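There are 2 protein chains.
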Amino acid sequence: MSDDFFRAYLKSKAGLSDEALNELKSTYSVKNYNKGDLIKAQGDYSSIYFVQNGLLRLFGVDENAKEHILQFAPEGWWITDRTGLYQSQNSKFNIDAYEESSAIQIDVSFFEKASCMSSNFQKFSEKILHNHIENLYSRVYLLIGTPVKERYLNFIKTYSGLYQRIPQWMIASYLGVTPEGLSRVRKTLYDLS
Amino acid sequence: MSDDFFRAYLKSKAGLSDEALNELKSTYSVKNYNKGDLIKAQGDYSSIYFVQNGLLRLFGVDENAKEHILQFAPEGWWITDRTGLYQSQNSKFNIDAYEESSAIQIDVSFFEKASCMSSNFQKFSEKILHNHIENLYSRVYLLIGTPVKERYLNFIKTYSGLYQRIPQWMIASYLGVTPEGLSRVRKTLYDLS
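Residue numbers (our numbering), protein chains in the order written: chain A, 1 to 193; chain B, 1 to 193.
Because the hints were derived from the structure by calculation, they are not lab data. You may find that some hints are simply not true.
Listed next, the in silico DSS-like pairs over lysine-lysine satisfying Cα-Cα at most 30 Å (straight line) [what the hints assert, rightly or not]:
(1) 157/B / 66/A
(2) 113/B / 13/A
(3) 187/B / 127/A
(4) 92/A / 149/B
(5) 66/B / 149/A
(6) 66/B / 123/B
(7) 25/B / 123/B
(8) 127/A / 127/B
(9) 123/A / 149/B
(10) 35/B / 123/A
(11) 123/A / 187/B
(12) 92/B / 187/B
(13) 92/B / 113/B
(14) 123/A / 157/B
(15) 66/B / 187/A
(16) 13/B / 13/A
(17) 113/B / 92/A
Some but not every residue of chain B turned toward chain A, in silico, with C-beta under 10 Å [claimed, not checked]:
(18) 8
(19) 12
(20) 66
(21) 71
(22) 81
(23) 133
(24) 136
(25) 137
(26) 144
(27) 153
(28) 154
From a predicted model like this one, the values you see are computed outputs, not experimental measurements. Positions of the beta carbon are idealized from the N, C-alpha and C atoms, including for glycine.
The shape of chain A in the complex, shown without the other chains (with noise of 0.2 Å):
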């Protein structure tokens, strides 16, 4: 697959010209995953990635070897390990694919030249960064503020339609639920509509 969807993403999101997308072209590669496919493991070094079709996930896994689900990503998103993005440390947690998918793989210098070159992409870049800390505080607010119907209602609205393409114990474990707790949750929603 192209990188069509990603230009187009950033001509209209963030005023990147064609010429400067053709000169950030060293930065960024497009990548072709299987479903399954690990893509980062624990401790590699971590790239951003942007989703063009299919789904990436962020997971950790615990002693027992569950995994726990920090983000999902969809067509459109962003997603990457942080923890293993600035710091010489390693990273903590996994990326892979739930679905066949197409993301771009992109270097740290990508989002510094396009800065230096585009004022625009500039401001764009500083919105993301403050909505992903924006929506990580909301997460947690959720997580230890309220009941586990509304995290799902809120669920429902982050990620329109994703629901009826992942399996219930996903949501459960990004809602940090049990899935008992989420099929109980679900059945007073579905008795009260």
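We have chain A; now place chain B onto it with these hints.
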């Protein structure tokens, strides 16, 4: 109280000179708070705070007027509600002083100006931002993937000595657990040791 602690911190950690700090004086001010003072209410424009002494808290309040604590900031910590910092939308959380405190209230422009003045400061500023994101990821992982005991031990490691300055219900709130749940875990730990 003066800004001595803040200046010494920035000289030592971020390599800012006395001249640079003097030029930056218009972008921050020293604030003294009494125990219980509300520093920033939900919806207010948000500054960044650096704690010189005492203890500030970042927290949300739910529909039942129950507090949920997102962050503690003792001496030498930064604290802000980023949801209101770079967005036009209203901020979601509150900041108050849990102890009599002295803090530096800092405008966003401080970071822009200091980054232009010193590449060391720019690197320092990037480092604290990325550490912050890493800590939020780790916090989410602890909340979705680890038992309360591990979360409590992580809290004690992160906030050395703080557990002696705040009531148990606040630690429970931060850990996303009931006070009874935390009490059971503490009992297990003390029985074992």
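Hints and how they fare:
1. 157/B / 66/A: holds (24 Å)
2. 113/B / 13/A: holds (27 Å)
3. 187/B / 127/A: violated (45 Å)
4. 92/A / 149/B: Holds, at roughly 20 Å.
5. 66/B / 149/A: holds (18 Å)
6. 66/B / 123/B: Since the Cα atoms of residue 66/B and residue 123/B sit roughly 39 Å apart, the hinted pair is violated (cutoff 30 Å).
7. 25/B / 123/B: holds (21 Å)
8. 127/A / 127/B: Holds - the C-alpha atoms of residue 127/B and residue 127/A are around 18 Å apart, at most 30 Å.
9. 123/A / 149/B: This hinted pair is violated, its Cα atoms lying about 41 Å apart.
10. 35/B / 123/A: Violated - the C-alpha atoms of residue 123/A and residue 35/B are around 38 Å apart, more than 30 Å.
11. 123/A / 187/B: Not satisfied, since the Cα-Cα distance of roughly 50 Å exceeds 30 Å.
12. 92/B / 187/B: violated (35 Å)
13. 92/B / 113/B: holds (27 Å)
14. 123/A / 157/B: violated (36 Å)
15. 66/B / 187/A: Holds. Residue 66/B to residue 187/A sits at ~27 Å (cutoff 30 Å).
16. 13/B / 13/A: Measuring from Cα to Cα gives roughly 36 Å; hence the hint is violated.
17. 113/B / 92/A: violated (34 Å)
18. 8: violated (26 Å)
19. 12: It is violated, given that the least Cβ distance between residue 12/B and chain A is near 21 Å, above 10 Å.
20. 66: holds (8 Å)
21. 71: Holds, because the Cβ-Cβ distance from residue 71/B to chain A comes to roughly 9 Å (cut-off 10 Å).
22. 81: holds (8 Å)
23. 133: Interface hint status for residue 133/B: holds (5 Å vs cutoff 10 Å).
24. 136: holds (4 Å)
25. 137: holds (6 Å)
26. 144: holds (4 Å)
27. 153: violated (14 Å)
28. 154: violated (13 Å)
Hint compliance for this structure: hints 3, 6, 9, 10, 11, 12, 14, 16, 17, 18, 19, 27 and 28 are not met, and every other hint is.
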